[in-house]
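Chemist: Sequence:
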Amino acid sequence: MSGREVYRLTMLCVIAACVLVSYLVISHRLDGGDDDPKPGPRPAFQLPFPCGETWRLTTYPGHDDYDIDFFFVGGPSAGREVLASAAGKVEWAGWNGTLADGSAAQPGTVGTRGGLGFGVILAHGGGWFTSYGHLNTWPAVRTGDDVQRGQLLGRVGRTGSTQVDHLHYEQHDDSRDPKRTRGVEDKVESVFDGVPSGITSDGSAGTGPLRVAGPVSPDQQRTSRNC
Numbered sequence: 085m086s087g088r089e090v091y092r093l094t095m096l097c098v099i100a101a102c103v104l105v106s107y108l109v110i111s112h113r114l115d116g117g118d119d120d121p122k123p124g125p126r127p128a129f130q131l132p133f134p135c136g137e138t139w140r141l142t143t144y145p146g147h148d149d150y151d152i153d154f155f156f157v158g159g160p161s162a163g164r165e166v167l168a169s170a171a172g173k174v175e176w177a178g179w180n181g182t183l184a185d186g187s188a189a190q191p192g193t194v195g196t197r198g199g200l201g202f203g204v205i206l207a208h209g210g211g212w213f214t215s216y217g218h219l220n221t222w223p224a225v226r227t228g229d230d231v232q233r234g235q236l237l238g239r240v241g242r243t244g245s246t247q248v249d250h251l252h253y254e255q256h257d258d259s260r261d262p263k264r265t266r267g268v269e270d271k272v273e274s275v276f277d278g279v280p281s282g283i284t285s286d287g288s289a290g291t292g293p294l295r296v297a298g299p300v301s302p303d304q305q306r307t308s309r310n311c
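This note's numbering numbers the first residue of the sequence shown as 85 and each following residue consecutively.
Calculated from the structure, these hints are not laboratory results.
Take the hints with a grain of salt, since some may be wrong.
[As the list claims (entries may be wrong)] Cβ pair distances, simulated, as ranges:
| hint | residue 1 | residue 2 | range |
| --- | --- | --- | --- |
| 1 | E269 | C135 | 14 to 24 Å |
| 2 | A297 | R226 | 37 to 47 Å |
| 3 | G298 | Q232 | 30 to 40 Å |
Every residue, glycine too, gets a C-beta built ideally from N, C-alpha and C.
Can you make the complete structure from the sequences, with help from the hints?
Modeler: Here it is, written out as structure tokens:
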């Protein structure tokens with residue numbers, strides 16, 4: 085084989101390799117790449133409160149199915165510790181809310197119309213997320229932080245769209261449709277220490293993800309095993 089033939093063969097191999105790499109990169113991007121949540125088992129979520137504390141789980145019409153409002157049993161909820169239900173990474177921590185006129189609310193505003201107020205969203209891998217809302221002040225963690233189960237996220241408050249001190253809590257399974265923006269439709273019934281919460285319906289056909297009219301889920305009571 086002449087030197088010219090060797091050169092031509094080498095260049096053809098280089099071009100073929102470049103085409104293959106380009107194809108893989110483009111396919112990776114079209115598929116969402118590593119940003120797509122890979123389906124994984126539900127983490128061993130625990131109640132987002134210190135071990136041994138007992139809390140009432142409740143909901144109300146128009147709350148969104150599966151959303152939970154937590155109230156401490158045996159005393160005021162205000163200022164009580166809110167802990168990570170499972171290990172993960174802080175996807176968002178900060179302030180979310182609007183005033184009655186639709187303008188952005190100032191951090192610390194009580195009773196704004198819409199929004200979590202001070203809150204945290206944790207990503208747990210496998211498409212699983214948890215959300216914690218209405219904290220009393222800036223969260224104890226920052227976006228991008230790695231957290232362990234039981235780590236302090238903040239304290240119960242009434243910032244955002246509420247007039248009552250409580251924790252607003254959600255579990256999401258985003259792996260079922262990773263192309264969809266995470267929101268109401270990927271909420272699921274919360275499970276704590278392997279036991280379903282029992283909060284499954286807000287009784288309103290106008291709110292999701294079930295969008296079925298019916299009775300509101302009765303209150304439940306759970307004791308934390310987040311030890």
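Chemist: Any of the earlier hints contradicted here, and which numbers?
Modeler: Violated: hint 1 alone.
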